[in-house]
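Trainee: Sequence:
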Amino acid sequence: MKTLNKTLTVGGNNKKDPVKIEVRTSYRITIMVNNNDVMVGTHAGMLLISPKGFEIFDPNGSFYYPEIAEGRLRLFPVYELQKRADVYRSYLEYQLADGGEVYIYTFYLTKDEFLKIEDRILNEEGCSGVLSCTRCTSNAITGIGVFKNLPPDIFLPSKLKKELDKISNPIKILRNKP
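Here the sequence shown stands for residues 39 to 216, numbered as in my numbering.
Heads up, a few of these hints could be off.
Derived PhoX-like pairs: lysine-lysine, alpha-carbon spacing no greater than 20 Å straight-line [as the list claims (entries may be wrong)]:
no. : residue 1 : residue 2
1   : K121      : K90
2   : K186      : K90
3   : K186      : K210
4   : K197      : K186
5   : K200      : K154
6   : K200      : K210
7   : K186      : K121
8   : K149      : K186
9   : K210      : K197
10  : K186      : K200
If you're looking for bench data, these hints aren't it; they were derived computationally from the structure.
No experiment lies behind these values; they were computed from the predicted model shown.
When you get a sec, could you build the whole thing from the sequences and use the hints?
Mentor: As structure tokens, this is what we get:
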């Protein structure tokens with residue numbers, strides 16, 4: 039674990055107090071769950087972020103970003119640093135297209151946990167067909183690290199959201215409705 043020493047202005051009095059900031063790891067995943075009504079559209083996907091790059095795992099989705107090739111199993115590698123924020127924003131907009139309620143969960147992982155998840159994605163069998171995005175996303179993480187108690191084969195995004203809520207508090211994104 040890296041520890042960074044920084045100074046921080048506290049309480050508007052221009053006094054700077056030393057603050058230690060711990061950076062847990064450079065490996066993390068961000069899971070986006072579109073928790074709308076099934077008739078409107080629901081979806082789940084994941085971003086994998088590591089020192090080697092940034093990948094979007096969009097199982098059975100139709101996400102598209104110009105100049106980024108789709109990898110195996112709807113895994114999109116984004117190697118250009120300057121494109122990452124825009125691709126992230128585009129993926130969030132894609133999630134919001136089916137309805138205005140998206141939850142974002144971020145989890146920091148060890149390198150081994152991250153590599154296990156990445157390996158599962160690359161070797162996942164039966165991750166195709168309509169309505170299997172949540173099952174593919176949940177099966178990639180089930181039983182690893184903080185997901186040790188996550189049940190396998192979660193079918194609905196609403197169920198995945200309920201299970202992830204037991205582990206972490208999400209950021210809730212609501213699209214403005216006209």
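Trainee: Does each hint fit the structure? Answer for all of them.
Mentor: Results for each hint:
no. : hint        : in the structure
1   : K121 x K90  : 15 Å, holds
2   : K186 x K90  : 25 Å, violated
3   : K186 x K210 : 24 Å, violated
4   : K197 x K186 : 16 Å, holds
5   : K200 x K154 : 23 Å, violated
6   : K200 x K210 : 13 Å, holds
7   : K186 x K121 : 33 Å, violated
8   : K149 x K186 : 16 Å, holds
9   : K210 x K197 : 16 Å, holds
10  : K186 x K200 : 15 Å, holds
Comparing the model with each earlier hint shows violations of hints 2, 3, 5, 7; every other hint is respected.
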